[in-house]
Every structure is written in structure tokens, then in C-alpha cells.
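Chains as they are written, first to last, in the working numbering: chain B, 1 to 314; chain W, 1 to 314; chain L, 1 to 314.
Derived by calculation from the structure, the hints in this document are not laboratory data.
Just to be clear, a hint being listed does not mean it is correct.
The list makes no distinction among identical chains, and a pair is therefore deemed to hold if it is satisfied within one copy or across any two copies.
Unchecked claim - With a straight-line Cα cutoff of 16 Å, these simulated EDC-like cross-link-like pairs (lysine to aspartate or glutamate) come out:
#, residue 1, residue 2
1, K30, E98
2, K6, E18
3, K91, D275
4, K123, E34
5, K91, D278
6, K123, E286
7, K151, D257
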Amino acid sequence: MIWTRKHLLDIESLSAEEINTVLDTARAFKSVGERSIKKVPALRGKTVVNLFIEPSTRTRISFELAEQRLTADIVNFSADASSFKKGETLKDTARNLEALNADFIVIRHSASGAAHFLSRVVKSSIINAGDGAHEHPTQALLDAFTIRERKGRVAGLNVTILGDILYSRVARSNIWALLKLGAKVTLCGPSTLVPETFALMGCRVTHDVADAIREADIIHLLRIQHERQRKSMFPGIGEYRQLFGLNQARLAMVRPDALIMHPGPINRGVEIESDIADGSRSLILEQVTNGLAVRMAVLYLLNGGKDFPEVSVG
Amino acid sequence: MIWTRKHLLDIESLSAEEINTVLDTARAFKSVGERSIKKVPALRGKTVVNLFIEPSTRTRISFELAEQRLTADIVNFSADASSFKKGETLKDTARNLEALNADFIVIRHSASGAAHFLSRVVKSSIINAGDGAHEHPTQALLDAFTIRERKGRVAGLNVTILGDILYSRVARSNIWALLKLGAKVTLCGPSTLVPETFALMGCRVTHDVADAIREADIIHLLRIQHERQRKSMFPGIGEYRQLFGLNQARLAMVRPDALIMHPGPINRGVEIESDIADGSRSLILEQVTNGLAVRMAVLYLLNGGKDFPEVSVG
Amino acid sequence: MIWTRKHLLDIESLSAEEINTVLDTARAFKSVGERSIKKVPALRGKTVVNLFIEPSTRTRISFELAEQRLTADIVNFSADASSFKKGETLKDTARNLEALNADFIVIRHSASGAAHFLSRVVKSSIINAGDGAHEHPTQALLDAFTIRERKGRVAGLNVTILGDILYSRVARSNIWALLKLGAKVTLCGPSTLVPETFALMGCRVTHDVADAIREADIIHLLRIQHERQRKSMFPGIGEYRQLFGLNQARLAMVRPDALIMHPGPINRGVEIESDIADGSRSLILEQVTNGLAVRMAVLYLLNGGKDFPEVSVG
Numbered sequence: 001m002i003w004t005r006k007h008l009l010d011i012e013s014l015s016a017e018e019i020n021t022v023l024d025t026a027r028a029f030k031s032v033g034e035r036s037i038k039k040v041p042a043l044r045g046k047t048v049v050n051l052f053i054e055p056s057t058r059t060r061i062s063f064e065l066a067e068q069r070l071t072a073d074i075v076n077f078s079a080d081a082s083s084f085k086k087g088e089t090l091k092d093t094a095r096n097l098e099a100l101n102a103d104f105i106v107i108r109h110s111a112s113g114a115a116h117f118l119s120r121v122v123k124s125s126i127i128n129a130g131d132g133a134h135e136h137p138t139q140a141l142l143d144a145f146t147i148r149e150r151k152g153r154v155a156g157l158n159v160t161i162l163g164d165i166l167y168s169r170v171a172r173s174n175i176w177a178l179l180k181l182g183a184k185v186t187l188c189g190p191s192t193l194v195p196e197t198f199a200l201m202g203c204r205v206t207h208d209v210a211d212a213i214r215e216a217d218i219i220h221l222l223r224i225q226h227e228r229q230r231k232s233m234f235p236g237i238g239e240y241r242q243l244f245g246l247n248q249a250r251l252a253m254v255r256p257d258a259l260i261m262h263p264g265p266i267n268r269g270v271e272i273e274s275d276i277a278d279g280s281r282s283l284i285l286e287q288v289t290n291g292l293a294v295r296m297a298v299l300y301l302l303n304g305g306k307d308f309p310e311v312s313v314g
Numbered sequence: 001m002i003w004t005r006k007h008l009l010d011i012e013s014l015s016a017e018e019i020n021t022v023l024d025t026a027r028a029f030k031s032v033g034e035r036s037i038k039k040v041p042a043l044r045g046k047t048v049v050n051l052f053i054e055p056s057t058r059t060r061i062s063f064e065l066a067e068q069r070l071t072a073d074i075v076n077f078s079a080d081a082s083s084f085k086k087g088e089t090l091k092d093t094a095r096n097l098e099a100l101n102a103d104f105i106v107i108r109h110s111a112s113g114a115a116h117f118l119s120r121v122v123k124s125s126i127i128n129a130g131d132g133a134h135e136h137p138t139q140a141l142l143d144a145f146t147i148r149e150r151k152g153r154v155a156g157l158n159v160t161i162l163g164d165i166l167y168s169r170v171a172r173s174n175i176w177a178l179l180k181l182g183a184k185v186t187l188c189g190p191s192t193l194v195p196e197t198f199a200l201m202g203c204r205v206t207h208d209v210a211d212a213i214r215e216a217d218i219i220h221l222l223r224i225q226h227e228r229q230r231k232s233m234f235p236g237i238g239e240y241r242q243l244f245g246l247n248q249a250r251l252a253m254v255r256p257d258a259l260i261m262h263p264g265p266i267n268r269g270v271e272i273e274s275d276i277a278d279g280s281r282s283l284i285l286e287q288v289t290n291g292l293a294v295r296m297a298v299l300y301l302l303n304g305g306k307d308f309p310e311v312s313v314g
Numbered sequence: 001m002i003w004t005r006k007h008l009l010d011i012e013s014l015s016a017e018e019i020n021t022v023l024d025t026a027r028a029f030k031s032v033g034e035r036s037i038k039k040v041p042a043l044r045g046k047t048v049v050n051l052f053i054e055p056s057t058r059t060r061i062s063f064e065l066a067e068q069r070l071t072a073d074i075v076n077f078s079a080d081a082s083s084f085k086k087g088e089t090l091k092d093t094a095r096n097l098e099a100l101n102a103d104f105i106v107i108r109h110s111a112s113g114a115a116h117f118l119s120r121v122v123k124s125s126i127i128n129a130g131d132g133a134h135e136h137p138t139q140a141l142l143d144a145f146t147i148r149e150r151k152g153r154v155a156g157l158n159v160t161i162l163g164d165i166l167y168s169r170v171a172r173s174n175i176w177a178l179l180k181l182g183a184k185v186t187l188c189g190p191s192t193l194v195p196e197t198f199a200l201m202g203c204r205v206t207h208d209v210a211d212a213i214r215e216a217d218i219i220h221l222l223r224i225q226h227e228r229q230r231k232s233m234f235p236g237i238g239e240y241r242q243l244f245g246l247n248q249a250r251l252a253m254v255r256p257d258a259l260i261m262h263p264g265p266i267n268r269g270v271e272i273e274s275d276i277a278d279g280s281r282s283l284i285l286e287q288v289t290n291g292l293a294v295r296m297a298v299l300y301l302l303n304g305g306k307d308f309p310e311v312s313v314g
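Bound conformation, chain B alone:
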């Protein structure tokens, strides 16, 4: 096990070996969630602040439960960015939390770079829980973990990400993780939202959904988020569903062992048909379960990897 980082800010700067260390550690923590007593004392007496300057329910709950199962002391601080601006600066808020001896700050923020910024101004360990359209590293780690669990490997797989790539931090973090782990990544969606420049990262870009999904081992659907998309760039809901939504007709084209992922919450009948979301190929709820294990693993590793003997040092 190699792990020397203090922060988890992005996937871009991680090595494949570091990513695999998180995934290996998450495997041990997943078993904690299956026990009758779902708790280990690895973060006892440590203080974690969940600083959510952008609305979130599921990511916040997943982190909160991960922290509780590690026996941390937890403080939640939610505010929306507009009211936040009227008060003190993000830097001042963070330095106040540091002054309270916060060991960890889990930050979600609507501004790209917020997590990196915090890591430069305070001594606490920073975990990026999503910053603007930049990155959402724990989401990419839980997705890679889910793929590895179900397919046995990530390297060599065809993974298609479908939707609004341009404004998606989930897509961006996934692209980094998948490429580092050796997958072949195809991006698909409206041309305004999936520009050719992504080819420079090493992805294949297509605007033809049949072409995108036919050879895929994994089809990763993104949530259609109206609030964040520029109106002029985005087709209507009906048009998106017709052109890119995953329905039974499209599912008939894919490989028999292709699996479907989605970061949630899903829009039933928009980017995915309801019976596909609930079907046997869907990994959507496994992603949720794995997210908790991955977040426990991240907190555990950033804390120095102590007090949990079940993690094998390999």
C-alpha cells in the first residue's frame, strides 16, 4: 500500500497505483457495511467538517455515513453560494474551521478550483466532493471500483460516457480515472456538449449513439441537469431522449454483457428508461453502496491508514 497524499483534490494528479490503492482499501471497507455492527474506530476523536456550499443530498449523506462509520466527530456546514458571498470569504471560513482543529474538510462548491484553493490556505486535509464543472473525484473512484468488482478489471474495457460531457465534473473525473486505469473511453452526446477537443485527452468522440454503445462493456449515463446547462447549447428534453436516451431499442444493440451506470439521481424516462434503470444490467444501486465504501477508504488513507487491521498492506 502506497499512500502519501494529504488531500484528495482531483483524479488528474493521481497515479494508477494510487487509484488502485483506494480501490483495494475500499474492498475491505465494503465488508464493514455488510456487518451487523457497521463501525470501526479508525477516525475516533478526529473532526470532519462537511462544508457544502452547493445543494447536495446524496453525496452529503454518503460522506456523513462514511464519517460516522469511521467514528469521527462531524460538523455540517451548509450554505448556498449566493448568501455565502454576502458574508465572509471562503478563505476566512476555512481558516476558522482550521482554527477549530478540523482534521478534514469535505468541500462541495459551485466554483471550480475551490478544493485546491482550500488546500493551499489551511492545514486540514481537504476532500473534494465536487467543485463546479471541474472534478468529483470520489464519484470516479466509486465508479472504477464498481467496474472492477463486476468486470474483474478496468484495463482494456470499452467504457462509453453518454450525456453532457462539457459541463460534467463526473465525466471529467471518470475520464481521468478510466484512462489512467487503461480503459478505452468513448464520449457521446450533442455536439455542443461533447466537443472534439476531448479527443486530445485520449478519448474517442462520437455523436452517434449507436456507434457509441455497440461495443461498450460499460455504458455510463450522465444526469440531465437543466439548471446547469446553457439553454442555447442544450436540446429540449424530448429531443435529448429521442436522440440519446437509453431505451429498449438501443439496449437491443449492445453486447450481452454490457452494464449500465448512472451517478444518480436518475431522471426516469429522460436519459434512461425506467425498466432499464431497474433491470439486471443496472449497477446504479451498487454504485451507491460502493460510494460509501470508497469514501470510508479515502478518509482512512488520508488519515494515515491506521486502526483498521483488516486492510492488508500489499
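Chain B is already provided as a structure; the job is to place chains W and L on it using the hints.
Positioned in the frame of chain B, the structure of chains W and L alone reads:
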């Protein structure tokens, strides 16, 4: 002690024996609240999600404290029903919580049947903390517990419930519990809100408050909740107070040992005069104390009744 | 160590000896915050309710962390005063919390006297976390602690408080604490906000900022809070900054060892220039750190001073 249920969804489907098991267990937990260290490890490492899709303060706090005193890990998820509808469905929310290995989901929802619905779609244990105008089972259990503690029994007592019966989940759950335990139940209130059909359940229905309270051992007042009542059915506040409010003149008619209950929060000067609420016949604050003990008992029993040796297996 | 009080309602009624007991105890708790495991079991199984009937972030978080590090069970109850008025009375809310066996109620309220009122109507221990323009005792205790730590004493020091004194509970509590501990207190600000009547408390009043800060050992700046100030009494922001703001020109006048304090959150460029707030004379973040230690000490002492052997009985 017999207890085989996984969920607490309503009172209607419970047997008298099951109700008494909760009340017997609650007696042991009430003593925990009187100790210097008010904590037992019965739910250590278990995850409880408080899913409140309808505003609540006192019921949420009572459940939260019950869970803390049982040493559970707790996540709170509050949303109001209107904003909830815009996002994912209740079923998807619940299945996501299940995927986080939630052992218990305590749900309050403005829709009747929400708790039953959840129990069919997820594997977690469901506790109904109030669903629409349907049931509020822990309220009825704490009321029965309070009566039994003060009167020594429930069977054979005359219990009068006074107020808006038709739209009250508190009334509905109380009627079921009281009848199952052998009490004689009288319902009283404006005829639009206390229809004769309640007689079919086995209650006596009257619209004459003097007749309703004269022989009562327990007078249970309901809160006048303007927001939930159909305007046309409900008399004005002043008219309600004059016709049905419990004042000193009416109190002079009742038995010397009659006791007053109210689920709270009270409207002083509307359904109850202030000095009666604070007087020696009032059980209102005892109900609050007992509510915590009853909720601890419910969680403990649904968890399999382990790790609390003070509960006598009878 | 002498401590016989059940509540912490204000500084006005404390003796110098009692204040010093809190400060001595806080020293031991400060070291807990510097440990790897920042937790002691002194309040295990005790219930603390944080009843915040006025918006607050930093004071609430500081109390919450103090309670967690003492291993208390915690319930948060936030509401704003206007919506609160529509529901039950403060007295009824408090008596309900008492009925839940709340050992401590930490109350912040927009009405002066709210904490004293609660202490008369319930048996729980009450801690005043700020009541209207009256007092904010834990703020004054943490300020006195910070001064004593940095200057070795409080007695004999010149302490200047600068800003809106009239409507500041921070100023009022600080004046009481500083005078009791033997400091010489100078108040300065616009004449409408620093009336001469404060001289009756034993303070020196001046409206000349140069005169106020020249001999000061400690310059305590108050936050300019627009929302709470009567418009007609308060100069504009620009005018305040020009007349009373702490800038480099004014800093050049002060003693070489003068230190700067501020209860936060700071308005950079209004009452304090940004580089002074971040400079070597600023104690602002130390105040935050010390606040947590002082609040742990207060809870510990009100709980009877048990289960923390590191506190030396002196």
C-alpha cells in the same frame, strides 16, 4: 415477550399483545432517561435514516434522541414534499438509502400509505412517524403507555377524544390502540369533522361536549391545525373554543380523577385553557417524556431485542 | 476550583474568581484540541440541545464541536424568531426539551433575557449563547482567556473596544469580564453608539480613535452589523471606515506590543484592513481556537466537573 415484526407501520394491524410488548419494553427504557448516563449500546453500529418529507420538530427530535440514546449512527434527510416531487421519486430515494445499508428508515410523509409503500420496496425496517391523515403509531403507543402508567390499566377506561377526528392521524392511531386494549372510546367535535361512521369502528360518537367529557377517565384533546383543515368544514377559532375548548367551566363537570392529554404543540386558549394545560391533571409533558421511551422501545424491538439486559423477557 | 453554578447566563453576575475558574479549566481543555484523539468522555450519556432562535453559524459550530469532544448526545433545533412566534411559546418549547431529559440547553435568541427566562422555567442547565443586545458570555470568556494567554494577565491592561458598543452583546459581556478582572476599559465609536452613560460602568468613553488606541495593550474591534443597527444612528460604511476603521496609518500609532482582537466574522476593509487581520498582531484565529476550549470548560463545569482528571483542582 413476543415480537416478530420488522416494521412499525400502523396500529391497526397490531395485536393487543404486541402493543403490550411495546409498553412493557418502554417501561425499562423510561428508566434509562432518568439515569445520569442516558445511553445503552443496543443499536451500536446500526444506521438509522430520519426521512422527514413533511415539517416536524418535536417528533423528529424525539426520534433523534431515542436513536442517540441507543447509540445508533444517524442521518437526517429533510425535504418538503413539493420540492421532493421535482427530484427523484420516493421509491428511488428509499432504495438509495437501502443501498447505503440503512437498517432503519423513520419516515414522516404527507401522503397516507407512504410508510407501507416503503416497506414493500426496501429491505430496511420502516417506522411510520406519521403518514398523511392515516396513522401515527408511536404517538398512540406513547399515549397508551401514559394512560397505563397513570391509571394502572387501559381496559375498561372511558377515553374521550375531542377535536378534528376526521383528518387526524393521531386520533386514528389512538382509536385503534385504545379499542384493542379494551377502552371505551368516545369521539366528540363538530359534526363535519366527527362523522357518525366512526361508530362502525366501535366508538361512541357525540357532538355534545358535556356528554363527551362527563364520564371520561381520560380527555384527549387534539391540536387545532388550520393548515390541514378544509375551510368549509371547520368553524372559526372563536367558535371552536366556545363550543369545544376545554375551559374551567367544562372542567368542573368532569370526574375528580379525569386526566387531560394532548399530543402537542398546544394552542393555549384555543382547544385548551392555559391554566388547565399547566395544571395537575395535565399529562402533556409526561407524554413527551414517555414518547422518547416508547420510541427507544420500538427501535429496540424491531432490531431484534438484543443488548439491553434490563428488558425482562416475560 | 470553586464552581457551584448550574447555569451560565451572563458575565455580570459572575465573580472574578468564577471567571478565573473557567479560564483555568479551559487551559486543560485547549490541550485536548491539540491531541490526535480530541475527545474526552466527560459528558457521555448527557443530552445537550442547541436551541438557536436566531441565525448563527460559527457559535453554533463551536458549541457543537465542544459537545462532541465531550462525548455528549446532541440535538440541534434551529428556527427563526418570526416563524417561532406562530407556533408554541419559548416556554413551552423549553419545557418540552426538559421533558426529553435535556441536561443542557444552549440558547441563542434575539430577545434580551431569553436565557434568564429559560433558567426560571426549566430544570435543565442553561447556557446563554447570545441574547439580543444583552450578553454573550462565552465570547467574553474566550476573549479574556486569549488575553491572559498572550499577555500573562488581564489586570492592569488597557483594553480598547471599538465599534457599535450600544447594541453589542459582545461589548457588554466583555466590559463586565474585563472590569471584574481588573483591566482598564476604553470604549470608542460614533457618539450615537457609544453614549457617555457607559462611564457609569467604570469605562473611559472617547470618540477620538487616536486617543482610544494610543495606549492600548489590546484593541478589540467589533463587527459592523448593518442588520441590527438603527439606520439613523449609524454613519455610512465609508464614513465608519474613515473615522474608526483600523488601518496601517492608525496601527502606526499604537504600542509595539498591542494586539488586535475581533469576534468574527470580519468585514475586511471595513472595521479592519485585510493585512492587519492576517498580520502578526492579530489574535482573531486564536480566539476561535480558544472559544472551543472555553465552551468545553463551561459545559464541563456546569456538569459538575467530573470525568476529566487533567483539570487540576487548585
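To see whether the hints hold, each was checked on the structure:
In this assembly of identical chains, K30 and E98 lie within 16 Å of each other by CA distance solely across copies; the values are 14 Å between and 30 Å within a copy. In this assembly of identical chains, K6 and E18 lie within 16 Å of each other by CA distance solely inside one copy; the values are 13 Å within and 42 Å between copies. In the homo-oligomer, the alpha carbons of K91 and D275 lie at most 16 Å apart only across protomers (14 Å), although the nearest pairing inside one protomer, at 46 Å, exceeds that limit. For the identical chains of this complex, K123 and E34 are inter-copy neighbours only, at 13 Å across copies versus 34 Å inside a copy, given an alpha-carbon limit of 16 Å.
Proximity of K91 and D278 under a CA criterion of 16 Å is satisfied inter-copy only: 11 Å between copies versus 43 Å inside one chain copy. Within a single copy, K123 and E286 get their C-alpha atoms only as close as 34 Å, which misses the 16 Å cut-off; across copies the closest is 15 Å, which meets it. Taking the shortest alpha-carbon separations for K151 and D257, only the intra-copy value of 10 Å comes in at or below 16 Å, while the best inter-copy value is 66 Å.
When each numbered hint is compared with the structure, no violation occurs for any of them.
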